[in-house]
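> Could you put the whole structure together from the sequences, leaning on the hints where they help?
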Amino acid sequence: MNDNCCTRSVKIGMAELEVLDHPGILATLGLGSCIGIALYDRETKAIGLAHVMLPSSLQIKNDKININKGKFVDTAILELLEKMMKSGASKENIVAKLVGGAQMFTFNDATDIMRIGERNIIAARERLWELGIPIIAEDVGGNYGRTIEFYSSDGKLIVKTLGFGIKEI
Amino acid sequence: MIGMKINDFYMDVLKETGNIGAGNAATALAKLLKKKITMDVPKVKIMVFSKVSELMGSAEEPVAGVLIKILGDLPGYILFIMEYKTALALADNILMMNRVTGVDLGELKNIEISVIKEVGNIVAGSYLSALASLTGLRVRTSVPGIAIDMAGAILSVPAIEYGKVSDVVLYIETKFSEGTADIKGHFILVPALESFEILMKALGVDSK
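Chains as they are written, first to last, in the numbering used here: chain A, 1 to 169; chain B, 1 to 208.
For the record, the hints were derived by calculation from the structure and aren't laboratory data.
Just so you know, even glycine gets a beta-carbon here, dropped at the ideal spot from N, CA and C.
Warning: the hint list may mix true and false statements.
Claimed, not checked - Part of the chain A face toward chain B, derived, beta carbon under 7 Å:
hint	residue
1	L29
2	I116
3	Y144
4	L162
Now the structure itself:
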């Protein structure tokens with residue numbers, strides 16, 4: 001069957017997440033300090049992508065705003081996994097790629113707001129390690145924005161920047 | 001908490017500070033450019049995160065963002081953001097350069113970046129002094145930080161700070177005009193957690 005005929009293509013925004021069965025393409029534009037967490041099932045070719053803003057839902061006291069699962073590293077990974085497994089993926093076949101977590105502004109004193117990208121990267125690595133999901137590729141850190149496209153056909157992830165080129169991870 | 005409940009009064013006060021602040025900024029810009037600058041009444045808007053990146057059109061739109069740290073009674077940040085081509089035109093204007101073609105991001109010189117940073121600093125500083133005089137709060141500012149990159153990436157910085165207390169971002173849209181050229185900019189005020197209440201109190205709003 002021709003993949004192109006029924007490929008679904010979805011673009012997600014900040015604090016959103018989405019899971020697609022093969023054939024599908026997921027994209028998110030302008031990742032800055034946020035981190036893009038991409039999960040891929042090597043067997044079913046299902047893909048999941050989250051555009052996450054903060055490292056942990058547990059650090060936020062207000063319950064009302066913790067409903068948004070796509071906002072935090074911990075809740076977004078679990079939600080992605082659950083959705084993928086519902087559509088037939090199995091955890092042992094899932095691998096991860098991380099993109100983003102930049103530090104967009106530099107000040108003399110490294111305050112909390114400036115280091116949020118780095119904290120997002122660390123949180124994502126830790127959560128994935130705890131869940132036993134291997135990270136097979138990363139394009140993280142730096143001081144520039146990134147746009148990503150994630151393909152179910154082979155799990156490839158295209159990273160685009162302004163002035164820092166295009167790469168595939 | 002204010003993050004949850006942004007009432008009309010609060011919006012009106014922010015609009016008024018935006019108005020006065022933008023007025024100050026227009027005067028400052030006019031001096032800098034030695035040209036007549038007019039401005040529209042600023043609009044105060046609330047946006048959910050998923051739409052924030054599209055504030056400047058596309059999330060990939062190249063923009064210049066100047067971020068200033070607010071110190072004193074109202075700790076937090078203020079971001080002034082404008083389109084890259086607008087920022088470049090402003091810099092050219094100030095540096096008295098006549099360019100035939102645009103400049104790619106990577107080819108910007110330090111002097112141009114410094115000028116863009118200073119414009120953002122003046123504009124955001126004017127807004128802050130209006131806020132300070134309206135509320136009676138004492139604020140100081142840091143040396144500004146600048147980033148020229150995708151709109152979404154730059155906007156993620158204030159959005160993340162808002163993310164700790166709410167699911168929306170509050171911003172003030174300001175439009176300046178010089179002759180036929182529009183300078184469209186947005187302010188995003190990002191009060192630190194404790195500052196929300198300080199601000200509300202200073203504005204005489206019951207934050208309970």
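> Go through the numbered hints given earlier and state which of them the structure violates, listing their numbers in rising order.
none
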